[in-house]
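> Here is how the chains run, residue by residue.
8 protein chains.
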Amino acid sequence: MVTERTVERVLRDFKKGRISTKGILRYLSNMPYKDIKFAKVDTHRHLRRGFAEVILCQNKTPAQIIRISKILIKNKQPLLLTKLSREKFNLLKKSLEQLSYNEEAKIAFFDAKGRLNRRKRGIVLIMTGGTSDIPFAEEAAVTLEVMGNPVKRLYDVGVAGIHRLFDKKKLLDEASVIIVVAGMDGALPSVVSGLTSKPVIAVPTSIGYGANFNGLSALLSMLNSCSPGIAVVNIDNGFGAGYFASLINK
Amino acid sequence: MVTERTVERVLRDFKKGRISTKGILRYLSNMPYKDIKFAKVDTHRHLRRGFAEVILCQNKTPAQIIRISKILIKNKQPLLLTKLSREKFNLLKKSLEQLSYNEEAKIAFFDAKGRLNRRKRGIVLIMTGGTSDIPFAEEAAVTLEVMGNPVKRLYDVGVAGIHRLFDKKKLLDEASVIIVVAGMDGALPSVVSGLTSKPVIAVPTSIGYGANFNGLSALLSMLNSCSPGIAVVNIDNGFGAGYFASLINK
Amino acid sequence: MVTERTVERVLRDFKKGRISTKGILRYLSNMPYKDIKFAKVDTHRHLRRGFAEVILCQNKTPAQIIRISKILIKNKQPLLLTKLSREKFNLLKKSLEQLSYNEEAKIAFFDAKGRLNRRKRGIVLIMTGGTSDIPFAEEAAVTLEVMGNPVKRLYDVGVAGIHRLFDKKKLLDEASVIIVVAGMDGALPSVVSGLTSKPVIAVPTSIGYGANFNGLSALLSMLNSCSPGIAVVNIDNGFGAGYFASLINK
Amino acid sequence: MVTERTVERVLRDFKKGRISTKGILRYLSNMPYKDIKFAKVDTHRHLRRGFAEVILCQNKTPAQIIRISKILIKNKQPLLLTKLSREKFNLLKKSLEQLSYNEEAKIAFFDAKGRLNRRKRGIVLIMTGGTSDIPFAEEAAVTLEVMGNPVKRLYDVGVAGIHRLFDKKKLLDEASVIIVVAGMDGALPSVVSGLTSKPVIAVPTSIGYGANFNGLSALLSMLNSCSPGIAVVNIDNGFGAGYFASLINK
Amino acid sequence: MVTERTVERVLRDFKKGRISTKGILRYLSNMPYKDIKFAKVDTHRHLRRGFAEVILCQNKTPAQIIRISKILIKNKQPLLLTKLSREKFNLLKKSLEQLSYNEEAKIAFFDAKGRLNRRKRGIVLIMTGGTSDIPFAEEAAVTLEVMGNPVKRLYDVGVAGIHRLFDKKKLLDEASVIIVVAGMDGALPSVVSGLTSKPVIAVPTSIGYGANFNGLSALLSMLNSCSPGIAVVNIDNGFGAGYFASLINK
Amino acid sequence: MVTERTVERVLRDFKKGRISTKGILRYLSNMPYKDIKFAKVDTHRHLRRGFAEVILCQNKTPAQIIRISKILIKNKQPLLLTKLSREKFNLLKKSLEQLSYNEEAKIAFFDAKGRLNRRKRGIVLIMTGGTSDIPFAEEAAVTLEVMGNPVKRLYDVGVAGIHRLFDKKKLLDEASVIIVVAGMDGALPSVVSGLTSKPVIAVPTSIGYGANFNGLSALLSMLNSCSPGIAVVNIDNGFGAGYFASLINK
Amino acid sequence: MVTERTVERVLRDFKKGRISTKGILRYLSNMPYKDIKFAKVDTHRHLRRGFAEVILCQNKTPAQIIRISKILIKNKQPLLLTKLSREKFNLLKKSLEQLSYNEEAKIAFFDAKGRLNRRKRGIVLIMTGGTSDIPFAEEAAVTLEVMGNPVKRLYDVGVAGIHRLFDKKKLLDEASVIIVVAGMDGALPSVVSGLTSKPVIAVPTSIGYGANFNGLSALLSMLNSCSPGIAVVNIDNGFGAGYFASLINK
Amino acid sequence: MVTERTVERVLRDFKKGRISTKGILRYLSNMPYKDIKFAKVDTHRHLRRGFAEVILCQNKTPAQIIRISKILIKNKQPLLLTKLSREKFNLLKKSLEQLSYNEEAKIAFFDAKGRLNRRKRGIVLIMTGGTSDIPFAEEAAVTLEVMGNPVKRLYDVGVAGIHRLFDKKKLLDEASVIIVVAGMDGALPSVVSGLTSKPVIAVPTSIGYGANFNGLSALLSMLNSCSPGIAVVNIDNGFGAGYFASLINK
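Protein chains in written order, with the numbering used here: chain A, 850 to 1099; chain B, 850 to 1099; chain C, 850 to 1099; chain D, 850 to 1099; chain E, 850 to 1099; chain F, 850 to 1099; chain G, 850 to 1099; chain H, 850 to 1099.
Keep in mind that the hints were calculated from the coordinates and are not lab data. Certain hints may be false.
Derived pair list, reagent style EDC-like, types lysine to aspartate or glutamate, alpha-carbon separation capped at 16 Å [claimed, not checked]:
{"no.": "1", "chain 1": "H", "residue 1": "K865", "chain 2": "A", "residue 2": "D862"}
{"no.": "2", "chain 1": "C", "residue 1": "K865", "chain 2": "F", "residue 2": "D862"}
{"no.": "3", "chain 1": "A", "residue 1": "K865", "chain 2": "H", "residue 2": "E953"}
{"no.": "4", "chain 1": "G", "residue 1": "K865", "chain 2": "D", "residue 2": "D862"}
{"no.": "5", "chain 1": "D", "residue 1": "K865", "chain 2": "G", "residue 2": "D862"}
{"no.": "6", "chain 1": "C", "residue 1": "K937", "chain 2": "C", "residue 2": "E953"}
{"no.": "7", "chain 1": "G", "residue 1": "K932", "chain 2": "G", "residue 2": "E952"}
{"no.": "8", "chain 1": "D", "residue 1": "K919", "chain 2": "D", "residue 2": "D960"}
{"no.": "9", "chain 1": "A", "residue 1": "K942", "chain 2": "A", "residue 2": "E952"}
{"no.": "10", "chain 1": "E", "residue 1": "K925", "chain 2": "E", "residue 2": "D960"}
{"no.": "11", "chain 1": "H", "residue 1": "K937", "chain 2": "H", "residue 2": "E953"}
{"no.": "12", "chain 1": "D", "residue 1": "K942", "chain 2": "D", "residue 2": "E952"}
{"no.": "13", "chain 1": "B", "residue 1": "K865", "chain 2": "E", "residue 2": "D862"}
{"no.": "14", "chain 1": "D", "residue 1": "K923", "chain 2": "D", "residue 2": "E952"}
{"no.": "15", "chain 1": "F", "residue 1": "K865", "chain 2": "C", "residue 2": "E1023"}
{"no.": "16", "chain 1": "E", "residue 1": "K932", "chain 2": "E", "residue 2": "E953"}
{"no.": "17", "chain 1": "G", "residue 1": "K1001", "chain 2": "G", "residue 2": "D1022"}
{"no.": "18", "chain 1": "C", "residue 1": "K969", "chain 2": "C", "residue 2": "E1023"}
{"no.": "19", "chain 1": "E", "residue 1": "K865", "chain 2": "B", "residue 2": "D862"}
{"no.": "20", "chain 1": "G", "residue 1": "K925", "chain 2": "G", "residue 2": "D960"}
Work the whole structure out from these sequences, hints included.
Written out as C-alpha cells, the structure is:
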C-alpha cells in the first residue's frame, strides 16, 4: 500500500540519485488504484475518504461487479454492493461466496474485519413515514451497520397519525443523528426536525402515485422545509443517507 | 328577474297562442345575463349557483371592472372583487363609493343586504403555516364572511413548532370545515387532517424561494398527502378555498 | 379500548397515589396503536378521524397487508384495501376469507357491522368524462358505500357531447356532493360546477396519451378552473375523493 | 417584381446565349429578398405564401422595425406589426406616418390597397372564455381583418356560465371557422367543438395565476381535448390563430 | 332518428294539448343518445358534428368496445376505432366481423355506406420527417379516407436532407391541406409552411430518445414555429390531425 | 421560563389538590409561546431545538418583523433575521437599535450574550465555486458565527480551474464540516467530497442563466452526485446550510 | 452517381437543344436519392455531408432496415446502424451477412472500402465517469472508428476519485478532441475542460436514479458548465458525439 | 510567470540541496493564481487552456470586476468581460480606461497585444434565425474576433423563408465552422447541418414567447436534431459558442 512513508522514502531516493527525474514522475503517476480498463478500482479510498469504494450495481453487468469486487477483497477492503437485485446476487454468489445479502435493502456485503455492530458511536435513528418506505430505510440501516454505527428503527410513523410519533419521543432524544425516509407528501422530516435539536437527513422516496411524479413531491417538500436543521439526499437514496449519517456520527 | 314562475307563465301564454313559436324561441334566447360585449354579466348566478358572480380583477382594466360592477349593483347582487391592488381600488372608489377594501386580502366588497356575520352556519377555521401566508388566508376569510359564514383564524402554526398547533386543538374540534394555507413544504394540511374528522381544504401558496418553484412544492405535497380527507385548490387561491368551504358549510 | 373514561380513571388513580409519576408517564406513552415493527396500526383512528385506517396496497407485500388487516379485524374495525390487484387479492383471500373484492375499483373490503347502504345521508353523484375513467370513479363509489353513503353514477358524459350532461340535470339537483372524474382535458368539472351550487370534487385521471403527461393536463386544468366551487385531489385518487366527499356529506 | 414570367424570359435568354452560364447562376442567386444585413426582408412572401412578411416587434429595436417596414412599403406590401407596445409605436409613428395602431391588439398596420373588410369569405367567429383574454382575441381579429376576412366577436362566454354560450348557438352555425381564446382551465374549445362541425382553432392564454404556469394549464388542456376537431397554436398567439384561420377560410 | 321535424311535430302536439307539459319535458329529456350505463353512445353525432362518434380504444376493455360498436352499427353509423392493438382487434373480430384492420395505423373501421375514396374534395398531403413517424401518419391517412378525403403520402423527407423535400414541391402545390408528422426536433412543419400558402397541421410524435422527453421537444418546436400558418395537435395524435384536416377540407 | 422543573412543581401541586383537574389542563394548554395573532412566537425554541427562532424576512412587513423581534429580545433570545434587504433593515433599525447588519449576507442579528466567536467547536469551511456565489456563502457564515462556530472561507475555487482547489487541500483537512456553495453546473461538491472524509453540505445557487432554470441545474447535479458523503439544502439557502452545519458540529 | 460534372454536361445539352426545358426540369427533379415510399434513401449524402446516411434503428422494423441497407450497399456506401438490439441484429444478419455487430455499442456496420483504423487524423480520447456509461462511450468509439479516426479510451474516471483522472493527464495532452460521457451529476466535462485546451464534447447519459430524471441532471449540468470549451449532444447520444468529433478532427 | 522551465530549475535546486523538502512543498503550493479572497484570479489560464480567464459580469459588482481585471491586465492577459450592461460598463470605464465596449454583444474587451483580426485561421460563419437573435450572435462574433478568428455574419435566414438560406450556400462552403443562433422553434441548425459537412454549433436563444419557456423549445429542438453534426451550448450562450468554435478552428 502507498502511504506517506513510502512517498518520503521515494523522495529520499530521488534526492540521492537512485531514481531519475523521469523515474520519479513515472512513480508518482503510478497512482493507488487498479486499472482494469472498464473500471479504475479505488483501492485506497478507505484511507482518503474513511470508507472503501461502494459499488452501485444497478447498471453494471455481473461480470463487471465480480471483477471489481475481487480486487477490493484482495486489497482487504470491506465490500458494499447497493441496488443489487436478488437475481444478480444469485449470479454473484457463485464467484463471491463470502457475500451475504439483505433482500429488503437490496444490499450485499462482506466485511472480513468485522467492523459491524461496534457500539462506541452514537445511535442513528431511522424513521419511515409508511410501510412501503422500509426498503430504502433498510438500505440506510445496512449501510450504517456495515460502517460500524448502532442503528435504531422507527417505522410507519407518518404525519397522518402523528401521535404514533410523539409516543416515541424518547427515541429521538437518544439518537445522535436522525434519518427520515418518506414518500408522498414528504412531510415527516419537517415535523421531526421541529421536535429535536439533532440533525435530520431526509430521504425522499418514489412511493406514491399520480402527482408525486416518481418522488418529486417528497423531494421538493423536503428541500422547502419550514423547519431548519434538515439536509436532503437523492430520491430513494437510502445508501447516501446512511453514508452521510456515518460521516457526521463520529 | 327571471324565475321559474316567469317561465311557467310564458309557457302558458305560448299554449294559449298569445306567443308565437318564433316568439317563444326568441324569449328563451333572452337569457338572464346582460351582454356588454366585452363581458356577459351573469346577473342570475345567485339563483343558479348560490352566490353572485365574483370578479377576478387581476387582468381587467378599471373601466371594465366598473362597468361589470354597476350592472351587478343594479341587479341587487352583492359585489366581491378579488386580487385587486390598492392602486386599482383607489381608481374604482371614485365610481363605486359603496365599496370597502380589505388591504391584506386584496378584496373589495359591497353587500347591500348585509349578508355578513350571520351565525347560523358552522364555524370555518382558517389556519396558516406562517405569517407570510396570511394574505391568502384573509382572502379566504373575507370571502367566507361575505358569503355569511362565521370565521375563526389560527395563524402561524406551521409544523416547525407543532406544539403551537396541539395547543389549539379545541379550535379544530369546534370547526365544521378547516382551511389550511401553507407555502414552502406544504406539510401542515397533512398534520391537521390527521388530527380531525373535519374536511380540510388545502391552499398551497407561492411563499418560499428556490426549489419551491412558485408554489409547486406546496401544491405537490398537498396533492400527495398521506392523510385522506384533504382536497386542494390552486396556488394562492384563498378565494377558491373560501368559496368551496362556504358551499360545504350548509 | 382506550376511551376518555379510561384516562379519567387513571388520572384519579394517580391523584390517589395508586399510580406513581413514572407510572402515569409510562401509561400515557402506551398509545392506542399496535406496534408490529414494520407498521404502527392505528386501531383507534375511527374514534379520532371518523373512519378506520385504510390500507393502500400498491407497494406493500401480501404478508404485510395480511398482518395489518388481522389487527384491524381483531379490533373490530372495518377493512378497506385500495389499489389492490386481482393477483394480490387472490393471495390475501386465503388468509382473509371475509374479504370481498371489487375488480373495477381494485378495492377489497370487509365490514362486520354492515355500515353499508345506510340511506340517511345525502346522495353523492359520481360522474365521469369517459368510459376509461370508470375504474377511478368506482374506487370513489365503493369507498363512499363502505362509509355509508348512497351513491348515484353518471358515466361517460364528457364535454365532447355536452347534451348528454344537460339531459341529466335532475341528477345534479338531487345530489348533495358531486365527484367528477376526468382525464385528457379535465374540462368536465368546470362545466358541471357552472351548473350547480353543490360542491364539486374533481379527480384528474391519467387517461389519455401524449401531452397529457400521465394526468398533468387534467390536474392543471382542474386546479385552474374558471368556475369557483371546485377542489381537487391527486391524479387517479378515487379513494381520496370518496373519503373527502363522505366527510362533507354529514 | 420577380414572377414566373421573368424567370422564363431569363431562361430563354440563357438558351439564346445572351446570358452566360455564370450569369444565370448569378441571376438565380439574386433571390427576391432585400438584404439589409441585420434582416433579410422577404419582399415576395406574398406571392409564395399568400401574405406579406409580418413583423414580430417584441424583441426588435424601433430602428430595426422602421428599416424593415420601409422596404416592405416600398415593395407595396401591406404592413402588419405584432406584439408592439404603445411606447414603441409612438416612436415608429414619427417615421411611419401611415401606420394606425390598435391598442388592445397591440398591432399596427398599414394597408395601401385596402384589403380590409372584403365580404366574400366566410365569417370567422372569435370567442373568449373571459374578459382578460380579449387582447389576444383582438390580435387574431385585427390579423384576420387585415387579411380580408369578416370577423364576429363573442367574448366572455367561459364554461363557468355555459348558458351564455348556448344562447349564441346561431353565431356558431353562421361561422366558417371558429377561434376560441381561453386561459385558466382552457376548457372552452372542448365544449365549443362538441357543439359544431366547424374547425376550432384554440389559443391558450397566460391569463390566470398559480398552477397555470404562464398558460401551460390551458395549453395542455387544449392539446388533450376529448373532442376532435381542434388544433392549437402557441400560448398568447392570437396572430398565429388569425393567420391560420385566414388560410383555411378560402 | 330525432330530426328537427320530429321536434316540430311534438311541439305542435303540445300546443294542441295532445301532450302534457310534463310529457313534453319527458320527451325532451329523451335525448338522442343511447345510455348503456358505462357509456352514453352519441348516435346522432353525425348530424351535429359531421361525423359519427369515434372510439379511442386504448383504455377500454374489448367488451366495452363491442357494446358501443354494436349500437353505432345498429344506428347505421360508420365505425372508426383508433389506438387499437392487434391483440384487441383479434378479440373484437369475433363479434364484429365486418371490421377491417389497418395494422400500421392501429385503426379498425367499418363503413356500410362506402363513404371511402370520394374524389370531390381537395387532396390532403401527409408528410413525415422519418420512417418511424409513419404509423401516426397512417392513422391520419386512414381517418381521412374513412371521412371521404383523397390522400397523398410523402414520407421520410426530414430536414436532415431537405433536398428530398424540394424535389416534391409539386405535391405541396396540389394539396389543399398539408399534415406534417415529425418527432425529434419537430422542424419539418416550419420548413414546409415557409414554402406554401396551404394550412399546415403539425403532429409531434414521441419518436426519438433522451431529451425529446416523449415528444415534448417536437411539440414545443412546432408550437413555437417561426413560420405562421401552422396549428398543432397532441403528441402522436394522427387521428386528430386527420379529423381536423377533414373539417377544413370542404 | 417554562422548564422541566416548573412542570414537576405544577404536577406536585395537582397531586396535592392545590390545582384542579381542569386547572392542570388549562396550565398545560398554556404553551411556551407568545400568541400575537399574526404570529405565534416560539420563545422556548432554544430549549427544544438548540437555537432560537430565526425570522425569514422575505415576505414579512417591517411591522411584523419588529413585533416578533421585540418578543424574542424580551425573552433574552438571540435575534437572527435572514433574507433582509437593506431597505427593510433601515426601517427596522429605528425600532431595533441593537441590530447590526451584514450587507452581503443580507442578515441582521443581535446577540446580547455574545455567543459569537467561541472556539471550542470544529472549524466549518465554506467554499464557493465562483465570486457570484459569495452572498449565499456569507449567509451561511454569519449564521454559523452567530451560532458560535469558527468559520474559514475559501471562495472562487470552481472546477474550471481545479488547481485552485488542490492548492488549498490543507484547509479541507482542518475542517470538521464543509459547506460548498455553487451555481451553474453545481459540480464542486462532487469534487470536494471525493477528496475528503468530512461531510459536505451542498448549497445550489440560482447563479447562472439559460438552462440553469433558477438553480435547477445545480440542485439536480448535487442530488445526483457520484460521490457519497453529500447532503443538499434548498437553492440559495445559505442559512439552512449554516444551521445544519452547526447542528453536526458539536 | 450524380457529380458536378454530370450537371455541367446536362446543362450544356440543354443549351444545345438536346434537352427540352421540360426535360431539364424533369432531370433536376431526379434528385440523387432513392424513393422507396416509406423512406427516401439519401445515397449521395457522403458527397454532400462527408459521410453516408446513418440508420437509427430504434423505431424501425427489421424489414425497413434491410431495405434501406440494401440500397446503401448497392450504392457502395458504408453502413452504420445505431441503437440496434441484439435481437434485431440477429434478424438482419440473415439478409445482410456482411454486417458485424458491436454488442456494447449496439451498433452494426459494414465498410467495404475499409475506411477503418486510418491513422492520419488526430486521436479522439473518449472518457467516462463510470462503468455504466461505457455503452454510450462505445457507441461514440465505434462511430469514430468507422469514420476513420484513431480512438483512445479512458473509462471510469469520475470526479468522486479525481486522482484517477490526473494520473492520465498525458492522454488528454495527446488528444485532438475529447469526448466525455457521464451520467448522474454530469460533473466530469467541467473538470476535464478546465485542464485542457482541447474541445470537449459532453454526452449526458440516463445512468442514475431518482432526481436524475432520465439524464436531465447530467444534461443541465453540462449545459451550465462553469468552464468554457464544452458543447453538448443529446442524452445517451454517443453516436452524435462521435460524428461531431469526426467532423472537427480533420 | 511560472513556466515548465521554472519548475525544472526548482527541481534541480531541490536535488542539489539548495531547497529543503519542506521548501519544495511550499513552492509547489504556490500555485500560479492570485488570491484576492473573493476571487482566485487564474493568471496562467492562457498557458493551460489557450485563452485567458473570461469574466462573466452578470452577477458581479463593479468593484469585483475592476479588481479582477486589474490583476489580469498586470499579468498581460487579454481582458474579455461578458454579459456586461451599459450601466456597469460606464462605471468600469472610469477605472479601466483601455476597455472598449460592444453594445450589441454586451461585451467589453481590451487586448494589448492586438490578437484581433488575424487571418491565418479558417472563417467562422455565424448565422441567426431572426433579427432578435443578433445580440447573442454578436457575443459569439466578438469572442471569436478577440481570440483571433475571422468571422462572417449571415443574419435573419430562418426556416420560414428558407430560400434566403440557399441563396447563401457559398458562405457555408467557405466556412470552417458554423455557429447557428436561433430561438423559437430552433429549427435552423438542423437545416443548415443537412446542407454541409462542417461542424455546426447550435445556440438556442430565449427569444420568443408562450410555450418557448425562456428558450426551452429551441434547446430541446437542437438537442434532438434529426441531422448529425450538431453540438449545443447553453441558452443565450453566444460566448460559449464562440469560445468552443475558436478551440476547433485551429
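> Next step is simple, just say for each hint if it's right about the structure.
How the hints compare with the structure:
no.: 1; hint: K865(H) x D862(A); result: 13 Å, holds
no.: 2; hint: K865(C) x D862(F); result: 13 Å, holds
no.: 3; hint: K865(A) x E953(H); result: 62 Å, violated
no.: 4; hint: K865(G) x D862(D); result: 13 Å, holds
no.: 5; hint: K865(D) x D862(G); result: 13 Å, holds
no.: 6; hint: K937(C) x E953(C); result: 15 Å, holds
no.: 7; hint: K932(G) x E952(G); result: 10 Å, holds
no.: 8; hint: K919(D) x D960(D); result: 13 Å, holds
no.: 9; hint: K942(A) x E952(A); result: 14 Å, holds
no.: 10; hint: K925(E) x D960(E); result: 9 Å, holds
no.: 11; hint: K937(H) x E953(H); result: 15 Å, holds
no.: 12; hint: K942(D) x E952(D); result: 14 Å, holds
no.: 13; hint: K865(B) x D862(E); result: 13 Å, holds
no.: 14; hint: K923(D) x E952(D); result: 26 Å, violated
no.: 15; hint: K865(F) x E1023(C); result: 60 Å, violated
no.: 16; hint: K932(E) x E953(E); result: 10 Å, holds
no.: 17; hint: K1001(G) x D1022(G); result: 12 Å, holds
no.: 18; hint: K969(C) x E1023(C); result: 14 Å, holds
no.: 19; hint: K865(E) x D862(B); result: 13 Å, holds
no.: 20; hint: K925(G) x D960(G); result: 9 Å, holds
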